[in-house]
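Relying on the hints, combine the two individually framed chains into one complex.
In case you want the letters, here they are:
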Amino acid sequence: MSDARTQILAGIRASLKRDALPQDRVAALETRLAGRPRGPIPARSAGLDRAGLVDLFDRQARSVACTVTRVATRADVPAALAAYLKSQNLPAEVEMSPDPDLDHIPWSAMPLLRIARGKPSGAEGVGVTSALAAVAETATLMIASGPTSPATMNFLPDTHVVVLPAARVVGPLEDAWDRLRATRDGALVAAAMPRTVNLVTGPSRTGDIEQKIEMGAHGPRRLHVIVVEDDGDV
Amino acid sequence: MMHATSNQFRANANAGLANPTLQSALAKMKVGFPTKRAEAVAKLPEFDALRDRARDIKNHVLENIDWYLERFEQRVTEAGGHVHWARTPEEARQIVLDICQRLGARSVTKGKSMIAEEIGLNAYLESHAIEPVETDLGEYIIQLRNEAPSHIIAPAVHLTKDAIEADFRRAHTHLDARRDLTEPQTLVAEARGILRQRYFQADVGITGANFLIAETGSSVIVTNEGNGDLTQLLPKAHVVLASLEKIVPTLEDASAILRVLGRSATGQEMSVYTTFSTGPRRPGDLDGPGEYHVVLLDNGRSALLGTEFQEILRCIRCGACMNHCPVYGAVGGHAYGWVYPGPMGAVLTPSLIGVENAKPLPNASTFCGKCESVCPMRIPLPKMMRHYRAREWQRDLTPRGARIGLGIWAWFAKRPPLYHFMASTAMAALGWLGRKHGSFFNLPLAGGWTATREFPAPQGKTFQELWWEKQRAKGRS
Ligand code: SF4
Numbered sequence: 000m001s002d003a004r005t006q007i008l009a010g011i012r013a014s015l016k017r018d019a020l021p022q023d024r025v026a027a028l029e030t031r032l033a034g035r036p037r038g039p040i041p042a043r044s045a046g047l048d049r050a051g052l053v054d055l056f057d058r059q060a061r062s063v064a065c066t067v068t069r070v071a072t073r074a075d076v077p078a079a080l081a082a083y084l085k086s087q088n089l090p091a092e093v094e095m096s097p098d099p100d101l102d103h104i105p106w107s108a109m110p111l112l113r114i115a116r117g118k119p120s121g122a123e124g125v126g127v128t129s130a131l132a133a134v135a136e137t138a139t140l141m142i143a144s145g146p147t148s149p150a151t152m153n154f155l156p157d158t159h160v161v162v163l164p165a166a167r168v169v170g171p172l173e174d175a176w177d178r179l180r181a182t183r184d185g186a187l188v189a190a191a192m193p194r195t196v197n198l199v200t201g202p203s204r205t206g207d208i209e210q211k212i213e214m215g216a217h218g219p220r221r222l223h224v225i226v227v228e229d230d231g232d233v
Numbered sequence: 000m001m002h003a004t005s006n007q008f009r010a011n012a013n014a015g016l017a018n019p020t021l022q023s024a025l026a027k028m029k030v031g032f033p034t035k036r037a038e039a040v041a042k043l044p045e046f047d048a049l050r051d052r053a054r055d056i057k058n059h060v061l062e063n064i065d066w067y068l069e070r071f072e073q074r075v076t077e078a079g080g081h082v083h084w085a086r087t088p089e090e091a092r093q094i095v096l097d098i099c100q101r102l103g104a105r106s107v108t109k110g111k112s113m114i115a116e117e118i119g120l121n122a123y124l125e126s127h128a129i130e131p132v133e134t135d136l137g138e139y140i141i142q143l144r145n146e147a148p149s150h151i152i153a154p155a156v157h158l159t160k161d162a163i164e165a166d167f168r169r170a171h172t173h174l175d176a177r178r179d180l181t182e183p184q185t186l187v188a189e190a191r192g193i194l195r196q197r198y199f200q201a202d203v204g205i206t207g208a209n210f211l212i213a214e215t216g217s218s219v220i221v222t223n224e225g226n227g228d229l230t231q232l233l234p235k236a237h238v239v240l241a242s243l244e245k246i247v248p249t250l251e252d253a254s255a256i257l258r259v260l261g262r263s264a265t266g267q268e269m270s271v272y273t274t275f276s277t278g279p280r281r282p283g284d285l286d287g288p289g290e291y292h293v294v295l296l297d298n299g300r301s302a303l304l305g306t307e308f309q310e311i312l313r314c315i316r317c318g319a320c321m322n323h324c325p326v327y328g329a330v331g332g333h334a335y336g337w338v339y340p341g342p343m344g345a346v347l348t349p350s351l352i353g354v355e356n357a358k359p360l361p362n363a364s365t366f367c368g369k370c371e372s373v374c375p376m377r378i379p380l381p382k383m384m385r386h387y388r389a390r391e392w393q394r395d396l397t398p399r400g401a402r403i404g405l406g407i408w409a410w411f412a413k414r415p416p417l418y419h420f421m422a423s424t425a426m427a428a429l430g431w432l433g434r435k436h437g438s439f440f441n442l443p444l445a446g447g448w449t450a451t452r453e454f455p456a457p458q459g460k461t462f463q464e465l466w467w468e469k470q471r472a473k474g475r476s
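Top line first, the protein sequences correspond to chains A and B.
Residue 0 is where the first sequence starts when you use numbering that gives the first Met the number 0, and the numbers rise one by one after that.
Residue 0 is where the second sequence starts when you use numbering that gives the first Met the number 0, and the numbers rise one by one after that.
Source of the hints: derived by calculation from the structure; they are not laboratory data.
Please note that the accuracy of each hint is not assured.
As the list claims (entries may be wrong) - Pulled from the structure, derived: some chain B residues nowhere near chain A, Cβ distances all over 12 Å:
| # | residue |
| --- | --- |
| 1 | Tyr123 |
| 2 | Ser126 |
| 3 | Ala170 |
| 4 | Asn226 |
| 5 | Gln393 |
Said to hold, decoys possible - Derived lysine-lysine pairs resembling DSS-like cross-links, with alpha carbons at most 27 Å apart:
| # | chain 1 | residue 1 | chain 2 | residue 2 |
| --- | --- | --- | --- | --- |
| 6 | B | Lys42 | A | Lys211 |
| 7 | B | Lys382 | B | Lys358 |
| 8 | B | Lys358 | A | Lys211 |
No residue lacks a Cβ here, since even glycine has one placed at the ideal position from N, Cα and C.
Here chain B stands alone, though its shape is the one from the complex (with noise of 0.2 Å):
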């Protein structure tokens, strides 16, 4: 499994505050991605009637998902192709690795795929002598960077254009050391000439899935470059590498979920290639590889079935709650330590690597639920946070600064009277030291959130003062 760096979020958040370029890349994310997604849905009428929909799927397909599972392998076995189980990450490598010496195989084409950065696949490959290469642009040149991706579709948001040249020059020395790279069309034509060739001479091709559908045995990729495509047609083998929950019945919920997909990633209303794969090539067939393997992962999945995160198992890896937190925005995805960052990371790594070894994540939210609201599987992200950060103070997670400053605060809340006293006396004094400015920039005892940002000045009223207001006005009219 990939090295995970998360229970050090804080170190890794303050290298990425510090560093300009992250900071720049980030700034254009943070409007780039939301305009056009609001955009999108601003065309769509039916938009939030498709999320209730692909919510009910996922739900569905969640109460009965070894039924379905079992009815995919029948198919895909029916067409030709081979499912093979794996429980965890090791399982998984080992089968890829089984498919590609049985074929000799000495390079591997990749399409974008998260399982295989969960299960750690290419340096695996790569121990054994077997080289994998990444074809999606993005992930082509983190690959050559030697580094994780920061965002589950956009995997090298944070850099920039100048740092990929760099790149470029260093990687293809068999190039013209003169050439023109300025522009961004001519880094994108070099790249698609290098992976001509490599789509060519690769043995096997690796892929991904946004979806397997149960009532075809189909495994679908959703890319908008074409690289998916190539690495699956032109190799002797194409393996889809799947966890369990992207099954869903049939086409017709396939097509329904798609129609949040697009638009929850990019703002498109369709991406432009969404590429259904059943079996290998058939008799008579002029192209296609000649085998057809799905690696359907567990790696902790099953166990989150029939619990409070469960309905993290909805996600279709949008990116879309990312692209809209404060905290990515400002930290950047590599922060998160683990495969998965943003809001669906903070509930999906503990999950997935224990919440020993990512204690920190479900505490990096300010709990604004941009996240919630805008994720079009109506995952509950903050609550499950709260989960974990409720599960955390059970096991005695917590730094102890904080618990002992909450259990100050929770001696207080028990006794209104009390509470109420404090918290107004404390609102008058924060309210007329900040009077200046509106804001603090520094506030004793909570460094931790105005290093970052300010804490707004107390307008004067504490919640439960304007609580009492506003009842005693209900109670007039």
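Chain A with its partners taken away, still in its complex shape (with noise of 0.2 Å):
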């Protein structure tokens, strides 16, 4: 196939009425894709702190059908796990990405509850990860795909819950690649961005229907977020 990649460049060039870019433009391309510079970013997360952007978040996953609990500490989190599955009717069984955020929650606090490190078996259970950031913007979480975190896990559960320490919520999405990018040491190329990010808001939907809106169409029926409010700094 390598003469249509040659052919297609070649055509882009003749369109274009130019050759390959020269150095000078080249080098202007290279800067720009270095600086990675913001469009405008929405006013409403601007210069909010940590509690105010929790808030933010809150908020807005209310608006996209998520439901949240906000916990003082992780010693908290198995016990609103626990109550969140009674609420919903669900047996007190999970499935756990192996991911060592999770490994700090004293779990054992709660005997009777059922957790299965590991990758989603398919059995359409509960789900139980963490996120890398969430931003408050969207009450977006992103969750990247990696040895302890399979991408999986975000979908093939009926119910996914996400604990997320709050020093994890940023403003708008561009904080969260930055995020992201200082947990691989700067540029996201090659093996340093993972294979999967996802950016999940809300749990899933489709109006394909006469556009009436259902919930839980291949992902997830219900998404609860655990938010931390004081985890240090994970």
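As structure tokens, this is what we get:
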């Protein structure tokens, strides 16, 4: 197919009435790529402190049919999860990503909660994950795949529960990319970019039948976020 | 390439107008989408600034697209993936088939992809004994019906729940015939159950792409259902079908455009799932595809660069132009006869398959300007339709009747005093004739207009008279 490639590139240049870009133009494009200029950032998340960001996230989450519980510390998470499962009439049984973020939580405080760590089995139960960042502007969770974070956990379970340290709530999406870059030493190229970065904003839905919104089209029909207000800087 | 019936727009449109099911679906759509969009726009004061930004990003990309595509290819390769370049639909189909055959694929799942429609992929795979399974609910429904999508983001918008129920009963014969399917929720659940198994069975998963990112070598899909994610995560290989102009420089550029995409499409601030995929699964990963391929399709797009049609390459396929279009709202998407309907289709279809194969489309417009006013990428769609009309005229593709009528008009128009006299006489006559209803249901020589809409009775003065009155008033103040 190399000649398709050559021909397409030649065709583009012929249409634009120029050759391959000269050095100075290339340098300008490299500068733009490295500088990653931002567009207009919606003011709604500007200047908010951590509490303000969490409030905005919470409000936005409810507007996209997501539910939120806020707990003071990570020691409160197991009871909050158990209470949520009970409120939805779900069995005290979850699948959980083998994410070290979730290792810090004292799950043994809820001995009746059955937890299977690993990738999801495909049974349509409850899946628990962490998130790398949460965008307050739109209540969007950023979850990156990796050896301890299977992307299918965000899609196969019928109910998705995310444990979110409040320190990870940022204003706009651009700040979430910077958080990801910070965990990867800068440029997101080659293996530094996770295979899958999922931005999740509410539970799965479809409007394909007479434009009536129905939840749970293929992914989870419920999305619940447990925000841990004081969880250090994880 | 998918067979086009765009030249039969008139017959297609008449069929649409006479179809009561379609008309009730369109009536719902015409209210639903614009209302949701307007509410979302009202909540974001920066919306128009973001439209400017989105336009500027794509303009920058189009000027430098060769360089960005090469950088994208380099990044995909570094991440362990493969980029395949395809000039034509035939080449693109062959690339996909080769991947499927090398992996011994018997079934492939598919997320929603307009490029797959454009290259006629399903029929081609079927002819090689590979079963394509559409997983987007709307696409799944129209696949059961062996139909083309009628809308770029709501493929089954032309169907009612009852029609879909009948299709499910016909197709899902292994389920209890007495089951209750009266609620949309039960239809959604049934499709979900059936497609769950198909994700696990599939050997290859094919998705489209809303963006390609040069910075990282990622492809991006935007969905609400999550089908595109299960499609790409579970099989052995993920194949991305994308046209050249999907490329943007950075994650920040994609983030800016995402802010106008969801709002323009469905009135959502963000769609539920926006997924960035880069290469195959990494060593140690617990899931993800073993191979990652991107098929870059040109199919005539590179030839639009540097022409008066370049700006259509900014299109992000949000559907807002068709949601707000009175012509689309009257005749539905199938009337346009090829993959892309509505105003964006009226420009893109002749660009891609040749104006001789889509003669009526640039005329399928009232030039009300609504499409351009809602387009998040500020694409001057009416202007481009006019360019096609002009080309058509030069190439003598305009029907003879219209040419003679316009010829007479031109003769008068070049003689202003005479034109003025004729116009005011005609206006007076029409005003008198139409005085009862205020509009005409039938007008001689303009049957094409009055067959489907009323022609407002003139209110007495010609445009020129009003213009001169205005000018005089200005002069006085
Ligand atoms: S032309 Fe504009 S409004 Fe229409 S689909 Fe494309 S981006 Fe959306």
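| task | List in ascending order the numbers of the hints, as given earlier, that are violated by the structure. | result | Failing hints, ascending: 4 and 8.
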